[in-house]
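Undergrad: Please model the entire structure based on the sequences and the hints provided.
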Amino acid sequence: MHKKVSIKNIIGILLTLLVVVSVLFPILWLFVSSFKTDAGVITYPPQFFPREWTWKQYQYVNQSIPVLKMLRNTLTFAGLTTLISVSFDAMAGYAFARMHFKGKDILFTIILLTMMVPFQVIMTPLYLEEFKLGLLDSYAGLILPRATSAFGIYMMKSFFQGLPNSLEESGRMDGMSEFRIYRSLMLPLCKPAIVSLGVFHFMNNWNDLLYPLMLTSSAEMRTLSAGLAVLVGNKAIKYGPTLAATMISLIPLLIIYIFCQRYFVEGIATGATKE
Amino acid sequence: MNKIKKYQVHNQKSAYLFIAPSLIILTIFVFVPLLSSLAISFLNINIFMKDISFAGFANFKKLAGDARVSNATINTLIFTVAEVPVQIGVALLLTMYVAKNNKYTKALRAIYYLPFVCSMTAIGIVWSMMLDPNLGFIPYLLKQIGFETISFLKDPNLALPTVIVVTAWKGFGYTLTLLVAAVLNIPESLYEAANMDGAGEWRKFVNITIPSILPTISFCVVTTTISALQVFDQTYVMTQGGPLNRTETLVQYIYDRGFQTAPYDLGYASAISVYLFTIIAVITFVLRKFVLDKGENANA
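Residue numbers (this note's numbering), protein chains in the order written: chain D, 1 to 275; chain X, 1 to 300.
Check each hint, because a few of them may be wrong.
Some residues of chain X that are not near chain D, with every Cβ distance over 12 Å (derived) [what the hints assert, rightly or not]:
id	residue
1	Ala20
2	Ser70
3	Lys106
4	Ala107
5	Pro139
6	Glu148
7	Thr278
With a Cα cut of at most 25 Å, we get these calculated DSS-like pairs of lysine-lysine [to be verified]:
id	chain 1	residue 1	chain 2	residue 2
8	D	Lys56	D	Lys235
9	D	Lys8	X	Lys143
10	X	Lys106	D	Lys191
11	X	Lys143	X	Lys154
12	X	Lys50	D	Lys132
13	D	Lys102	X	Lys13
In case anyone wonders, no lab produced these hints; they're calculated from the structure.
All C-beta atoms in this analysis are idealised placements derived from N, C-alpha and C, irrespective of residue type, glycine included.
TA: Here it is, written out as structure tokens:
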């Protein structure tokens with residue numbers, strides 16, 4: 001009996017470690033390869049570690065790829081979208097959870113239904129609409145359609161429903177306005193949910209490809225994931241700068257992941273209970 | 001009484017103010033496009049928006065006879081049917097080992113989730129370079145142990161399987177996180193009863209763990225299937241639909257017809273979108289009926 005358990009454990013350890021290697025190998029390869037020289041990147045037989053380490057790819061990456069511009073665009077797009085969407089999602093979620101008004105149930109059902117609409121279905125009309133409104137290829141055009149989300153409203157509603165009634169009643173006794181009750185009594189209690197939702201929005205928008213690809217056309221407005229995909233697809237750039245630019249596109253999210261890991265997981269765990 | 005009524009009216013007004021921003025945005029950027037998408041599929045319309053005319057069913061007739069549509073449909077379905085079981089199977093297998101809370105398993109889970117945090121663009125770029133037959137590390141290693149040089153992404157028979165593996169590689173950590181959360185929620189008492197009966201690890205996994213997390217597994221099957229049917233990023237970055245359109249998916253074909261290749265036929269692109277939406281809706285409906293309900297019944 002005891003022996004059997006230990007064999008199972010050994011298989012488990014080997015299996016889990018094998019997957020660790022397969023996950024870390026490409027990421028580590030990208031990291032070390034971004035420090036190779038131009039010759040080092042295309043040398044054969046390929047070397048895992050650089051023969052000579054150099055910062056050159058990072059120093060000169062901006063000359064072959066407008067990576068700083070793309071970084072600025074991505075930060076603006078993902079950052080502002082996250083801030084605005086979290087604010088609007090929380091406000092709407094709060095109203096659906098704690099307030100009474102006509103049409104509440106039907107409105108909430110309609111909002112939930114939008115979660116099931118695949119982006120491809122609204123993609124072409126959205127493009128036409130933004131063309132008519134003159135929003136194509138602009139920050140406003142990227143941010144506005146994402147300025148709220150059914151998922152965020154749903155998530156915030158579930159969170160607000162769990163808060164006690166006594167708080168808002170005490171606020172009403174003190175004659176606070178509904179908005180002040182929300183802003184200074186209720187919202188501060190939802191920090192974990194707000195951060196989870198924020199991380200969720202930030203990651204999705206940072207990584208999104210088809211959406212910014214379609215709504216931007218100039219090199220000036222490209223985000224990192226769309227801009228890199230286009231440049232690499234056209235085979236317009238060398239390996240070395242591509243590796244450095246790819247690394248740059250990953251670093252901000254990886255840093256957030258390292259420090260806010262539990263919020264990444266909480267955000268998606270809420271998603272799973274929505275059924 | 002009067003006071004309560006007055007309060008409720010006031011409360012109603014502010015409630016509408018609270019939901020107004022979200023409602024306005026959803027109306028403009030989701031509902032209006034959703035309703036117009038069907039309308040656009042009946043039009044002759046291109047990206048320059050001149051000479052717009054009514055097309056009747058022409059776009060749908062064209063779709064029915066378009067070999068690239070049937071090719072893309074088959075690719076999308078093969079991708080879905082292969083990718084979903086791989087991603088969920090790997091996650092489920094690993095869940096057996098990491099669904100407990102200690103330092104070691106927490107570190108493993110944090111690492112497994114890492115590819116999900118990275119963009120598909122970055123991952124596609126890295127894997128394309130590592131799999132490059134001339135310079136890539138992986139074909140080189142395989143050659144060292146006696147294989148022929150393999151062009152994973154340029155071989156028509158290997159390209160789609162390779163894209164499937166990379167997709168599962170990126171996504172299994174997400175599925176794993178959901179499954180582990182479900183396993184950790186199983187009441188300890190269930191296992192204690194089994195221990196008293198002298199049940200082994202495997203029997204406990206099959207008889208307690210799996211049935212308890214069945215709703216979560218079903219949820220993963222449904223959501224992973226829906227996103228697999230919308231596959232775009234990985235093929236766009238790694239293969240551009242090639243070689244010989246063997247990795248061209250429906251979304252990619254929509255993007256190509258509408259936004260990439262002249263005459264940028266938005267009416268036709270919209271018709272293919274409606275077609276894809278129908279496929280997704282039917283498959284979702286069937287899965288909900290047979291997978292989700294089953295999962296929920298098992299738990300009840």
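Undergrad: Please go over all the hints and tell whether each is borne out by the structure.
TA: Consistency of the hints with the structure:
1. Ala20: violated, 9 Å
2. Ser70: holds, 18 Å
3. Lys106: The claim is violated: Lys106 of chain X sits with its nearest Cβ about 9 Å from chain D, within 12 Å.
4. Ala107: The claim breaks: Ala107 of chain X does not keep its Cβ more than 12 Å from every Cβ of chain D (closest is about 9 Å).
5. Pro139: The assertion about Pro139 of chain X is violated, with a minimum of 9 Å to chain D.
6. Glu148: Per Cβ check, Glu148 of chain X is outside 12 Å of chain D; nearest 16 Å; holds.
7. Thr278: violated, 10 Å
8. D:Lys56 / D:Lys235: Cα-Cα ~21 Å, so holds.
9. D:Lys8 / X:Lys143: violated, 33 Å
10. X:Lys106 / D:Lys191: holds, 24 Å
11. X:Lys143 / X:Lys154: Holds - the C-alpha atoms of Lys154 of chain X and Lys143 of chain X are around 17 Å apart, at most 25 Å.
12. X:Lys50 / D:Lys132: Roughly 13 Å separates the two Cα atoms, so the pair holds.
13. D:Lys102 / X:Lys13: holds, 10 Å
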